[in-house]
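Chemist: With chain Z's structure known, arrange chain P on it following the hints.
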Amino acid sequence: MIQLSQITKRFPGIIANDAVDLTVRPGEIHALLGENGAGKSTLMQILYGFHAMDSGQILLDGQRVSITSPADAIALGIGMVHQDFMLVPTFTVAENTILGLREGTGAMLNLKRAASRIRELSEQHHLAVDPNAITGTLPVGVQQRVEILKLLYRDARVLILDEPTAVLTAPEKYRLFTVLRGLRAQGRSILIVTHKLHEIMELADRVTVMRDGRNVASVAVEDTSGPELARLMVGRDVNLSVSKLEVPPGPSILSVKRLSVRDHAGQRKLKDISLELHPHEILGIAGVDGNGQSELAQALLGLRTIEGGSILLNGRDITEARVAERRALGLAYVPADRRNVGSVADLSIADNAMLTQPRSNTRHSLFNKTLIRARAQTIITRFGVRGANDETHASKLSGGNLQKVILGREIMSAPKVLVVEQPTRGLDVGAIESIWAELLRERAKGTAILLVSAELEELLNLADRIAVMYEGRIVGVVDPASATAEQLGMMMAGTPLEPTGVSS
Amino acid sequence: MSVFSQAFLVTWLTAGIRLGGPVLLAALGETFAERSGILNLGIEGILLLGALASYLTSIHTGSLWLPLFAAMLTGFAAALFLAWMYVTVRASQVVVGLVFNVLALGIAATVYRRTLAHASPGPIAMFQAVHIPWVSDLPIVGPTLFSQTLPLYLTLVLVVVAHFALFHTRFGLGLRAAGENPRAADAAGISVPRMRYLGTLISGAAAGLAGGYLVLAQIGLFRDSIVAGQGFIALGIVIFGRWSPWKAALAAMVFGTCDALQLSLQLLGTHLPEELLLSIPYVVTILAISGIFGGRDVRPAALAVPYAKEA
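For the record, the sequence lines run as chains Z and P.
Per full-length UniProt numbering, numbering through the first sequence is continuous, rising by one, with the last residue being 504.
Per full-length UniProt numbering, numbering through the second sequence is continuous, rising by one, with the last residue being 311.
Bound-form chain Z, shown alone:
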């Protein structure tokens, strides 16, 4: 049994953990729930020795232990699967597995013995993996298996998994849950950090909810409900049910014809993509990551060299136009990578807010600071960016707040067509609620929205039509009112369905 008692950790300006208690029993799957910035990750990093706590103590089976480095944690049987995997891509699975271990005789590596032990473990736990494969070439789901095997190889009794399903497809997710249930049956303690409520209800035995660095509740899952957990996490009632205005679509504003794009390696990423987008419409783009969705968004914005086909915006051919020209014509973009593409980490909110249209913030060719600050202020108040002012650096914002700044900036440019990629990836329900509301408000105003998302729930809730991409092609367009998640899942895996008659 592992007990965290009165853990407190301060960072400059904030208390990340404020006297947090947490107990995880053997043979238990314990979920740690909280919004981004609630202090879950900090708490787990303290338990794994990445951060030093300011006060508090950690007890393992009643004994007080000191964990000052990952090596200490590993020695005590505590293992962690980080959200961004801690694997060396150029190493084989076996090399990654024994990295940092002090076992066997002397200084030599015994990769053969490691490989056979990995095979044993992967059979025993149904975690199929080839010990001699180069890790970087494996799909994300398999890399996660390698991370779990690493912990089992060390015979970890406490397994911490940070947002383990964020990168998985639905079938991979169910396989992971099966594995975790098997580990629970062996009496291991599993701590799973997440903000997905339905996963907790499905998998966990108990759940601890954190908000603003504090433990606000530790309850058995059977004694609680999804809405109650959401309320505990956010601190108010959350409403994710979406009501959409029915608006008759007008003539198309964005028209893409037989678009083809290759990547740097010469691989074709888009093959003959044709689509029409209308005002008052959200066109959802579904697909497993890497099937051309990002390339489509980038090609529309002018970030990719176009090999063939054409793009018409409001009747004008913009196939060859530069990014600034496209933006001036009414195109706006919220990229998937909000930290590195959507914003500049070391610039303030004010500077980030004017990045996409610097010209409109000048007077006599010089920047008008008053205007820039006022604009940033508007974004902060109108879109509800919390705990920040116009001088706050983008790097200091949580994912949700940063996304509000980026979406706000794009909406303030009054776009005709808004291209949005993964708008709520990694965000908590509170932030998802407000991003969804903003997108629907834009739709009501008449903006045409292209919504690329890996979250089927998001597409089914927001989109008027959903186009499914597979290997660079649109394999079908469906009506969300009649489509099911299973149907979409089949299409995303490459099984084409008959279009349901709403494609244009």
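No lab work stands behind these hints, which were simulated from the structure alone.
For every residue, glycine included, the Cβ atom is placed at its ideal position computed from N, Cα and C.
Careful, some of the hints might be misleading.
[Unchecked claim] Straight-line distance between alpha carbons at most 35 Å, and here's what the computed DSBU-like set of lysine-lysine pairs gives: (1) Z/Lys416 to Z/Lys257; (2) Z/Lys112 to P/Lys309; (3) P/Lys309 to Z/Lys196.
[Said to hold, decoys possible] One side only, chain P facing chain Z, incomplete, derived with CB under 10 Å: (4) Arg18; (5) His60; (6) Gly62; (7) His163; (8) Phe167; (9) His168; (10) Phe171; (11) Glu180; (12) Ala185; (13) Asp186; (14) Ile190; (15) Lys247; (16) Thr257; (17) Ile280; (18) Lys309.
Modeler: Below, chain P alone, put in the same frame as chain Z:
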């Protein structure tokens, strides 16, 4: 004498392997630094300091092995300073390395002028070619490979040792992890700073040793222009050799034979200007470093990126 005669070939290859020795030794050490994530550009300066230390020790002791040891120790000490800058201070590795080379040149020139410029020390004891019985009588490989000096044999042994250490020991696995994904190494319980200190110290010791090798087995005297960019060539060899000791050995031989070729061509009296010939090895190095022969894909992913643990 024709370019194609066997005598020319043997002379050329022997000289090639001989000239490639010190750069290979320095490149082997640099491979450890770079595999750990440290780009140690300071090896050019360390070669010079090693050469100076070995020359001074040689004059004062007349010994053969003691100067070599002094060169290694000097390189080690210089690398301790560099490692502190690279790893503890987390300064820019490129800037520190380059400025260190200028500093080393200043130190070497000053010490040389203060102590030796007006004295005229006699010839120093040098390593002579050692003919390995039986195999040195073989045609072509005998004279080229088995009639070399002890430092060259030592360097060849170190190629095997370096390969083994990097790819077959726990230390090598940890070192490579620190250079590829330091956060993963950290999470696995490996001390990234320790690995990077060790990598830098190994590169310093090897570069110091290579400086001593240059003086004691090849040149026999000291000038502050003695290194002439061989440290930078070693950096090129590491890239050309894809961060692998075996391939670095091959790359060093290519460099050495280019260098020997320009010497031989000068002796043969071609119509090409001498400066053009002299530049051949350097041009080859620049091409190698530029990555046009490939190699960018196998570069350690965290090379020259300082690593800071979270608070």
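Chemist: Now tell me if each hint is right for this structure.
Modeler: Do the hints match the structure? See the list:
| no. | hint | in the structure |
| --- | --- | --- |
| 1 | Z/Lys416 to Z/Lys257 | 19 Å, holds |
| 2 | Z/Lys112 to P/Lys309 | 32 Å, holds |
| 3 | P/Lys309 to Z/Lys196 | 29 Å, holds |
| 4 | Arg18 | 34 Å, violated |
| 5 | His60 | 38 Å, violated |
| 6 | Gly62 | 38 Å, violated |
| 7 | His163 | 13 Å, violated |
| 8 | Phe167 | 8 Å, holds |
| 9 | His168 | 6 Å, holds |
| 10 | Phe171 | 6 Å, holds |
| 11 | Glu180 | 5 Å, holds |
| 12 | Ala185 | 7 Å, holds |
| 13 | Asp186 | 6 Å, holds |
| 14 | Ile190 | 5 Å, holds |
| 15 | Lys247 | 16 Å, violated |
| 16 | Thr257 | 31 Å, violated |
| 17 | Ile280 | 33 Å, violated |
| 18 | Lys309 | 8 Å, holds |
Against the hints set out earlier in the document, violations occur for numbers 4, 5, 6, 7, 15, 16 and 17.
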